[in-house]
Amino acid sequence: MSKTLDSSPSILALYARAALPMIPGASLLPFVPGGGGEIPDGLDLELTGVIAKAEAVAAYAKVCGFTLRDTLPVTYPHMLAFPLHMAVMSDGSFPFGAVGLVHVENSIVQKRPIGIDEEMTVRVRPTKLQPHPKGKTFSLETEVLVAGEVVWESTSMMLRRGGSNGDAPKQEKSFESLPADAPASAEWKLPGDLGRRYAGVSGDRNPIHMHSLTAKPLGFPGAIAHGMWTKARALAQIESKLPDAFEVEVRFRKPILLPARVEFASSNEGEDILFAVRNAKKGTPHLDGRVQPLKATNSKTAPKSGRKKTT
Amino acid sequence: MLTAALEGLIDRYGLQGETLGEVAGGAVLKHSRDRDLTRESVLSTRLAAETPAYDVQQACGTGLETTILVANKIALGQIDSGIACGADTTSDAPIALNEDLRETLLEANRERSTVGKLKQLTKVRPGHIVPAIPRNEEPRTGLSMGEHCAIMATEWDIGRKEQDELAVKSHKNLAAAYDRGFFEDLMTPYIGLDRDQNLRPDSNLEKLAKLKPVFGGPEGTMTAANSTPLSDGASTVLLASEEWAKERGLPILAYISEAQTAAVDHVHKREGLLMAPAYAMPRMLDRAGLKLQDFDYYEIHEAFAAQVLCTLKAWEDKEFCAEKLGKSKPLGPIDRKKLNVNGGSLAAAHPFAATGGRIVASLAKQLNEDGKGRGVISICAAAGQGVVAILEAPGGAK
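In order, the protein sequences belong to chains F and Y. Going by my numbering, the first residue of the first sequence is number 1, and it counts up by one from there. Going by my numbering, the first residue of the second sequence is number 1001, and it counts up by one from there.
Pulled out of the complex, with its shape left as it was, chain Y reads as follows (with noise of 0.2 Å):
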């Protein structure tokens, strides 16, 4: 799937046979067997073999951490072009061996004489057939990230219905992003599919009331509807120097300006665990001598309608900005108008490393349809981290 959009990339842009400086991708569920997963895709593909590349895995973040990576090393004039991306099957998830089997087998494997290779064997026991699902779990808390934003919906205090509400609008600007036919010059098909198979254009809050809770015992606010699934996606974003996207006649869609990584600990201080954005944005916005209201978009990751929320919030709260983030004075609130304008991971589903490049790409052009303005993005991460980036219309700020 990486190939196919790497090849729907290459078309667009007229990069067959280009040796590119680097490409940087990532998988989050990946088997071992896929040791250079970018590398081999790109192989695969029609760019130029010399180009070399290379994996990442920052779970949620490993998309956005990938356009950052290359983006860096073209500012700071190591390469003049890349593509960062990322895929995720999680339909086709990697099943591992039963780990008591495995040690099992490895120590058979380590027994030089037949007859010790044999004892060891016969240490295999039926219950060994049971493989080794990965889980979607903290390996340090035992929690899944879902039950882990249900303890943040609760401290935070974010109620059923704006999680329902913020759902119903990802759906609906999802849909009206692809009816206006934003998505043409974006999307690449794959095997049959021209569009996300988990929007629902007709979600409404009547339906998604009746869903009951899945993180947070009966009492919770999180259901199938505003927490994100899982799903299959790959994406990709060429990023380059002025000069040489100017030397192919290519469009500059936007720049990117800043970005900053924070991490959280989730374990011992029992942070939120997918509060690290929270942290990484005032972060950022200092560095850029930026206000968080300086934005005509806001592109916040939807892994939870509750994290969104709890983010906002936070952002808002005197208590949290002053302890927490060391502030005067609160972030504050933005225009939720300017949220997610084009839908969010809820309606478009959440293929891990795939959805950072999904949003960048997604600003990208429309901070360049508008020909001026900015953008910020917010992604969190499993394992307490987040991400975030801000970009800038060619046009500059308006």
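Bound-form chain F, shown alone (with noise of 0.2 Å):
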């Protein structure tokens, strides 16, 4: 069962029921998030009637880096997933709160490039619970589909700290890392505003980004990246070589302490893409990620909202 909304939620609302387990006793009320327990059934969106707002992407492109283009930026659905991300994990049967979830890692698969001015559906489901040496794990699945047909997928893994599971398989996908010391290609300065700028384009104002003082209660020593803003830049330093349809994973290591210097890596051979961002000084992995094309028979079926022309 899937409940279809009309808009997209409030997400400022859903932070502060995001926020409210954290208050001891507040998750026995019913609408607040918490209790422990298993994801329940019936949890899935579904948003309609999404079109992108060619300002906003404009903003978005300019903050990771992108071109800014007639298609959207292949990590720019992310952004219009987020809210109903949000009221997934703030439903009052969610088995615990939003803050503190750890975003351990992100696939994205995009069949063709999403036109700026395509009719999207946005759908979210979040999967059950899995063991995790460190946890419990679940997914945010998210599909965007026009006229039907899905064009893009995302599985978001996220960790749930605490209880004992060392004897748990990883979840996290395998695929090969590039090496540690593949020299890197280009360096990144990471003023100490980022959080607050990425916050401002993708809505998503989780307090371990936006500054020290929201970030220390949480437990990290700083304002930290947004993971996906790393995926998005990392992905922008290399769109002149991304094919039309492609997978892009990523792990999420330590993460980047704001303001920062980080370094990218990528390889350069063959049809897959090892990429790797890194600190530029102590070469502490921050992310790793790998692209690889989609078989012909997927990007066939593909018709393009203007750029493809034939003479």
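In short, the hints are calculated from the structure, not lab data. Fair warning: this is a prediction, and the values are worked out from it, not measured in the lab. Only true hints are included.
Under the rule of at most 27 Å between Cα atoms (straight-line distance), these lysine-lysine pairs were calculated in the DSS-like manner:
no., chain 1, residue 1, chain 2, residue 2
1, Y, Lys1372, Y, Lys1337
2, Y, Lys1313, Y, Lys1327
3, Y, Lys1337, Y, Lys1207
4, Y, Lys1313, Y, Lys1324
5, Y, Lys1030, F, Lys62
6, F, Lys189, Y, Lys1030
7, Y, Lys1117, F, Lys189
Pair by pair, the computed Cβ-Cβ distance ranges are:
no., chain 1, residue 1, chain 2, residue 2, range
8, Y, Leu1193, F, Pro133, 47 to 55 Å
9, F, Glu119, Y, Gly1395, 39 to 47 Å
10, F, Asp193, Y, Ile1095, 16 to 24 Å
11, Y, Pro1229, F, Pro191, 34 to 42 Å
12, Y, Gln1197, F, Lys216, 48 to 56 Å
From the three backbone atoms N, C-alpha and C, an ideal C-beta is built for every residue, glycine too.
Make the complex out of the two chains shown on their own, each in a separate frame, by following the hints.
Now the structure itself:
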């Protein structure tokens, strides 16, 4: 069973609800997430008639380093799905609060680029909990459809720390990382306000990204960069190498403490592109990623709005 | 926007991964951080990163001048393929720091001691917050292009009605070209737009007659409708040797056979700022052994309706042709039905450096549709310059 929304949920109100479980005892209230246990059925959400706003895409592209094109940056649909993610995780029947969850992995499949003016349906579904050595994981699965056809999919794996499942298998997908000694091709200087800038274009105002004063109470030494910003920035770095149809998986490693100097490295051989974001001084890994082109059968069924024109 | 336009061309002609001879491009309004704009843009596309690129800037002539540069290198055998392009985003014009503030900051930077730096910084004044906004103004005359053109319109006695007529025709021709799908394979949509936003298909003389003049004072003849609005746009043109095109099975739409650039002294000799194409044309025609009447299409950039009309009048004027161009006979009139047949800048608007590419691409397509024929392009530019060129259909002249 899924609920269909006719407008995007208000993120600020959802944050308020998402944060409520942090107040001792609040989880006992029926409209506040919490109580532990399993993720119930019936939390799937669907939002129809979604059209990206050009100004919002432009602002997002600027913060992430993408060229503003007639098609959406590959990570952009995540922005459209984010309010639904928050709505799922702040539902009263959700077993725990969204604040404090760790984004450990994200994979996106783009079957074809989405035109900036195409009308989309966004669907979000949480999976069941899985034991993990450091706690429990679940995934938010997102689909974007245009005219009934799935054109974009994403899986975000979240970790809820706590409970000992030391012998549980790791849930992360295994893909080969770029060797740690692969030479860097770029260095990015990330300003201290990067989290606030990205929050402005994404709506993701998780306190751990906003300021050291709001990050410290949540156990971080300072504000940290958004994982999805890091992924977007990395893909912007190689945007001229990306095929129309591809899958990109990333593992989020150590958080990037802002401000920071980080370096980007990628492989430039074969069909797949392996890439990594590391601390520029210490080499600490922040993100590992892999781009894999989809087989031609997928991209052929992709009529593009506008861009593909033959003479 | 330049990247998107390049990607459109790359998609259309299957240039993914190609190493081209070069990409020459430009923008008129450019921030200092946009150094190597064209090269950076190429690096964002799916062209091979080994494709060299450089920036060119010649005001409104930029787009056509890049075409000539690339075409000449191909003709000389230095390269076998290239892209000429241009882009301007007048809606996002760079705004510079207040000049006094800039000098103060540079002075402070030159100081070695902290005290010295602070001393310099005390010179910052509240008035310094007013930024330097780029203006459409001639540095040596202090007049805007429109004001210059108004002087030309008065000198050449160009009436309001004929300017409005040209504007209406421009809109009608562009609308008709869109309606018959002429731009289908020329236009790369960009963030929700797939046709020129400035186009007013229902433009008519009665409506235009009501507008107040914007240049030349209350008695002026130039209005917002018969002067071209500055806009955002990008254009690209793929140029190649015959062999290169044939190897890849690409269609040859047209050949570039001649080109000429000229300039006038608009400062001391008080020549019309936008009259340089009038001088460039006869030089090119003489070299090509052609008369002004030997063309099937005339693509004259409509910076202002008055500019087009002044230029045409000058070529018909015995005195001007004799004294200024050194011609015993005037170049003569052209068949107005052949002028800007698919619309001009008055309808499409004028994103400075992109206009030349727009005209070259549309004229080339038109000539290829006809199979035979010849077209001439004339573009006036700020600072008293003008660029003209001849395109011929693959089947030669009619």
